[in-house]
Each structure stands twice: as structure tokens, then as C-alpha cells.
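Those sequence lines, one after another, are chains H and V. So in my numbering the end of the first sequence lands on 358, straight run, no missing numbers. So in my numbering the end of the second sequence lands on 1341, straight run, no missing numbers.
Hints are computed from structural coordinates only; laboratory data are not their basis. Accuracy of the hints is not assured; some may be wrong.
[What the hints assert, rightly or not] Straight-line C-alpha distance at most 30 Å; calculated BS3-like pairs for lysine-lysine:
{"hint": "1", "chain 1": "V", "residue 1": "Lys1301", "chain 2": "H", "residue 2": "Lys300"}
{"hint": "2", "chain 1": "H", "residue 1": "Lys226", "chain 2": "H", "residue 2": "Lys165"}
{"hint": "3", "chain 1": "H", "residue 1": "Lys280", "chain 2": "H", "residue 2": "Lys300"}
{"hint": "4", "chain 1": "H", "residue 1": "Lys202", "chain 2": "H", "residue 2": "Lys232"}
{"hint": "5", "chain 1": "H", "residue 1": "Lys202", "chain 2": "V", "residue 2": "Lys988"}
{"hint": "6", "chain 1": "H", "residue 1": "Lys165", "chain 2": "H", "residue 2": "Lys232"}
{"hint": "7", "chain 1": "V", "residue 1": "Lys945", "chain 2": "V", "residue 2": "Lys988"}
{"hint": "8", "chain 1": "V", "residue 1": "Lys945", "chain 2": "H", "residue 2": "Lys280"}
{"hint": "9", "chain 1": "H", "residue 1": "Lys201", "chain 2": "V", "residue 2": "Lys988"}
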Amino acid sequence: MEGEGSAMEKNPKISAYYQTRLAHFGVVSSEWLAQAQSATNPIPSSSTNTYPDNESNFSVIDEFNRWRNHPDLAEAVAAIRALAAVISSSKASTMMQLEIELKNASDSLKAWDTTSISLTAASDLFMRYVTRTSALEFEDFHSAKSRLIERADKFGEISYKARKIIAMLSQDFIFDGCTILVHGFSRVVFEVLKLAAHNKKRFRVFCTEGRPDRSGLRLSNELAKLDVPVKLVIDSAVAYTMDEVNMVLVGADGVVESGGIINMMGTYQIALVANSMNKPVYVAAESYKFARHYPLDQKDLAPALRPVDFGVPIPSKVEVECSARDYTPPQYLTLLFTDLGVLTPSVVSDELIQLYL
Amino acid sequence: MPDVHSLVNDFVNQLKKRKIEGSQATAKQAAELLRSVISQQRVPQTNQATALINAVRAVGEKLIAANPVELAVGNIVRRVLHIIREEDLSLATAAIAGLELSPGSDDEDDVERDDYPVLSAAAVAAAARSTLRPPSLQTLLEDTPISAANPHTSSSGGDSEGKSRSVDKSSRGRKLKHDVIEAVNELIQDISTCYEQIAEQAVEHIHQNEVILTLGSSKTVLEFLCAAKEKKRSFKVFVAEGAPRYQGHLLAKELASRGLQTTVITDSAVFAMISRVNMVIVGAHAVMANGGIIAPVGLNMVALAAERHAVPFVVLAGSHKLCPLYPHNPEVLLNELRSPSELLDFGEFSDCMDSASGGGSLHVVNPTFDYVPPKLVSLFITDTGGHNPSYMYRLIADYYSADDLVVKRRPATGS
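Taking the hints into account, I'd like the entire structure generated from these sequences.
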């Protein structure tokens, strides 16, 4: 695991975020993975050492990578845990010093993987908490420091609880006899469906294959274990099957300020098809994925690339679209299920403004 | 209290038999009933707020179950619960402020950081205030866990009680009840004056020589149009009759008697006339949390016609119609089927009706409500001003506390 982690670290051309998702949820043959890894020529990393950390040889990125390797841990949690480690290893003696150190650490974290929205969002959220929370004002430096660490430790729980809350809130929307189309593998979506199955709801799930990492196969596999009727659908058959579908349920890598979502490639397409057939599109996403981006179109995002396997060798003259994600504008989304409640897309900007203004 | 019991049972019976209908009437009655429940409720020395909340909740459950389609009742129950929480909180913060002045009193039991009694008391108050706020990104990392409901409220009730012990407890108990009743009175006042406040905004929306279309009858719409007329606006009104109850006829009569130029059309003529219309103004039965509305049957059709011709579709709704629930399957769950006698004359059709005795195959379905999705609504005009459908959630967050939505609904759907 460690060796693989450092391999990822050394290739800035490939989105580390999607590489992790692939490792955790993807269904990919091992020989292809080996081939892909040998094909990507390692370039020495430049980002790791640009920001001086502490005098000690503690690196926030190593810390982050250590946390990130847990498949159950969201990337946001890993980021906050890593920042908490910065606090606990810090030798700063004033709040201001600590803030500067944290700022450097979070900047280097964000720079390390610019493609991960939840990493950016969680770092921003934590920084905001440190600089703004009124509860800290009343205390001396040391108790404030220990409180920050304690809150960061609790954050793992918050993220776990968030999934439970979302699952609970969305139960009313899943009615008996409905057919749900899901795209790719999302832990929140799986939690929602798991609870629905547990509540003895009768529903059917269509899983898209989710090329190229084929994470939909993983989801269909998990659902079949729960005895939920599930049907695999290739990504291009979404429009074909849409008339049987009652609702679309997707997760999100990030929820942006417009209320739109950034998610695995293909989500935009599904939302468009669903919208044209008047089917509701629901998004299940934890609130710490709310990010301060405002993409105007698809190309507005930093490209998150990943290798695509076509099964046959591709001539070098042929270009391949390797982007791993797309942006779905808010007008195609019906409701967002978050741990803050069931929200319309326009609420997202309201929440972000309240926090960051 | 046999008195309150009989009042509650009366109201429940009226609701069940559909003797009392219309969101304003039911909302007002429900508020008055809850007021007498509160005033007759004997409050214990400790946990007064919890006692009141439990009493209101017990009655509220019955009322909601009596007619689940009359959403205004549930809204009022939640509003009153929210009022109790708010008043309790403001008293608790006042008590803390009192404590800061008298540092001699010992209240370390509920405060974690004993070294800074004054400041930590302020922190406790801030935390308590945040319990009433809906969960938000801001509070995500803060101490108060986002898990909704019971342990939380009881604990906050607990420590406010702890404080009151050191202050004069008996007066506080009376004060809470008094404040709550005062606030409920204000709520009742608001419900009965919401027409006027909505009507005040009429001149901003209706312009000279415009043509307005409405369907059925709504007191709010009547007042709204008349308010514009009083301000010397001259405009025409098309009234779709609103089959099968034909309440549009009554509205047309009333409008004509007040000197407005009124035209009655059939419901089926709406699409034919919509191209001449500048604005559709209608009332609603309830406004849901996503900005969709439950409205008299036929309005979805009007909304679609308006959308087709890009005519603004404006909904007038008093704040008691704001419902914090999401419409799950609204066509079935939030609808009511009325008697077929409104559609057909039983004498004429009795032989072909599909009833237990006869062998006919004629079915009659007479639904009361339509669900109009939020994307078809251009504007809501409430007593607090004009709002976009997507903004409804914010009003809801102001009027209701998050705890009550979940807690109330579960028993209601379970029964």
C-alpha cells in the first residue's frame, strides 16, 4: 500500500483523488493496472517540498496519505486529521503563529492534489473553523489548541454520522415499487440503499457500469449481497432504460456554489437524459463537500485525468479523453440530500455565503 | 382537565367529518385550541418547557391524524412548539445574564469550564441558541452534535431549570407560560391579518390595464384584487369557474359587486384565454418545503398553460400555509377524494354507477387538490413579501425548528 501511495505521489499527470477511488471501489484487472503504471513515466514530484513545514521533518502530506489509505475514510476526514496532526506537532506559541502554520500546511495539501474537491473543501472548512469560531475566543492558547485537535478527531465521527443522517432523510423519497438509477459507486448512495433495503422497501436498482474504473460493478455486487434486485446497465444504455426509471440517485465528489455537482464522468449526461424525461435527479452528498467553486462550464475545472483502458492498443495519433469527472449544472438537479437536511440546489450558495462571507 | 379534552375532541371530530375546512379557519382554530391547552396545562417546577412541549405534541398528534390533508393544522402545531422553544431559550439567556451580575451563585454543575464563569455562560448561551438554528455548515465543526431532537432539548431544558433554581423559580414558571401564550396570541393575530398584509403589496404587482386570471375562489385573492382596485388601478379579471365546486362563480359575483370588470370562463377555456392574460394570481392550500404547492384541482393545468405562454404564475399564501414537509408522492398522499355527488346527479346516474348493489361500471373520481411543482411557480407573495420558490426553505427555517419536523412526522405517518 505504501509503495503504491508513493507511486501515485510521483505522477502529477494523474488525479490522485480518482486514483484512490479506483483503488478502493474500482473493478479493474490487475494486469491492466500494472500496464497502466508502467506506462506512466514517473516524474519527480515538485509540490511536496515547495512549502516548508515545521523544523521537524513532519510532512502534512505523508500524514494525509496515511489517513487516506483507509477505504472507509472520506478524503475530507483524512485532510482534517492531517491538519490536526499539524496542530499537535506544532511548536507555535501564539494563535497567529499556529494559524500561519496551518495555512501553509493546508496550502500544500491543496496544491498536492488540485483535483480533489473534497480535500480543498475540508481544508477550507477547517481553516474557517480555526480562524472564526467564537468558542475559541474565550480560551487561552493551550486549551484552544487541544480543543481544535479534539474537534478534528471528532470530525471522523461527523462524517460517518452524516451518511447515517442522509440515509435516514432520504427514506421518504424511496417508495415501494420504485426503480432507481445509480451511477458509479458512492458510499452515501450505498448507505441510502442499504437502509432502504433494511427497512423492507421494495425497490429495484439499475447500476451503470461506470467506465473506466467500472465502480458500478462493485455497487451491483454489494447490492446483490443485500438481496436488492439489481440490473447492470452499460453507460450508453442510460437513455434506453430511462423510461423504466422513477428517479436518479447519484453521489457527488463536490457540490459547488451554484448548487450544481461535480461527480464521476457521465453524471451530467444522465442528468440531462433524466431531465428531458421528467425524472427527478437526487444527489446524496455530505455537507463538507460543499466547495467554493463556481464553474461556468465543463472546462472550467482543473482537469482530473486518469488512464482509460480500451482493451486494445490505441494508435498514438488517436487522442483519448481522459477526464474523470464532469459538472452537472443545478437546473438538472431536483433535490440534494445532505446532513443539513433535504435542500434545493440554491440553498448551497446560501450555506457557503453564511460560512465564508 | 375535562374542559380541554372536550374541546380537543370537538375539534378532532369537526376535522374528521370535514365540518371545518380551509386552511385559515383550521389554522386559527388549532392555534386557539393549543393556546387553551397551554393555559390549562399545569407546569411542574422543573422542565416547564418540556412539559408544555409534550402536552402540545400529544394534542397535535391527534389533530394531525384527524385530517392529515389539512396541512395548516400540522404547521400551527409546529409553530407553537417552536414558540415554546424560543421563549424558553430567551428566558434561559435572560437568567444567565442575571447570573453574570451575581457571581456568588453556584451554577458550576452545568458548565464545563469553571474558570471563566461569565464567559463560559455566554458560550453556553451561544450553544443553546445554536440548537434552535437549523444545522448549517457553520456549526458543522462546533461542539453541539448535529443529531436532532430529544436528548438535546431535554438537556437544554435541564440546565435552564438548574439556573432557575438559583433565581426565583416560581415566577419564572409563570413567566414562561405567560410569554408563550402572548406569542401564540400574536400568531393568531398574524393568521387573521395575513390577508391585509398580502393585499398591501397588490399595487406593486398589478398594473394599469392588465388582465389577471384566477381559478376558483380564495379570500386572499379577493382581498388582493380589491386592494389594487381601491388604489385606483383599473384592470380586468378572468375567473375560471373551478369545477366541480364552482366557487369561481362566487368570486366573480363578489368582484363584480365591488366594481371590478370581471369575466367568467370555464376551466377548459383557460388555454384559449391565456394568451390575453398578463398574470395568473391564485391562492394555495399549502406551500411545501421545495416550493411546490398543493392547490385546488385544475391549477396544475393553469400553471402549465401559463408556462407555455410565459405568463407569470403568482401564488398568494399566508405564512400559516408554509409546510416544512416535502411532497412525497403528492398526487396520492396529499389529496382527498370528495363525494361524486358534486360531479353527477345521483338520481340520473344511479343505474350505471359501480356500487355494491348495482351492476354498473361507471366510476367517479373527484380529487380536491393538484400538486404544482416549483418550476411552474414564478413568485410567492406571503405576508413577509415576495419570494422565489427556491427561497421557501429559508422562511421555513425561520418559522420551525428542525427537531419538530422529524419528531412530529414519524408518529403521524405511523398511525
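Tested hints:
1. Lys1301/V <-> Lys300/H: 28 Å, holds
2. Lys226/H <-> Lys165/H: 20 Å, holds
3. Lys280/H <-> Lys300/H: This hinted pair holds, its Cα atoms lying about 27 Å apart.
4. Lys202/H <-> Lys232/H: 17 Å, holds
5. Lys202/H <-> Lys988/V: The hint holds at about 27 Å.
6. Lys165/H <-> Lys232/H: Between Lys165/H and Lys232/H the Cα gap is close to 25 Å, so the pair holds against 30 Å.
7. Lys945/V <-> Lys988/V: Status holds; Cα separation ~16 Å.
8. Lys945/V <-> Lys280/H: 38 Å, violated
9. Lys201/H <-> Lys988/V: 28 Å, holds
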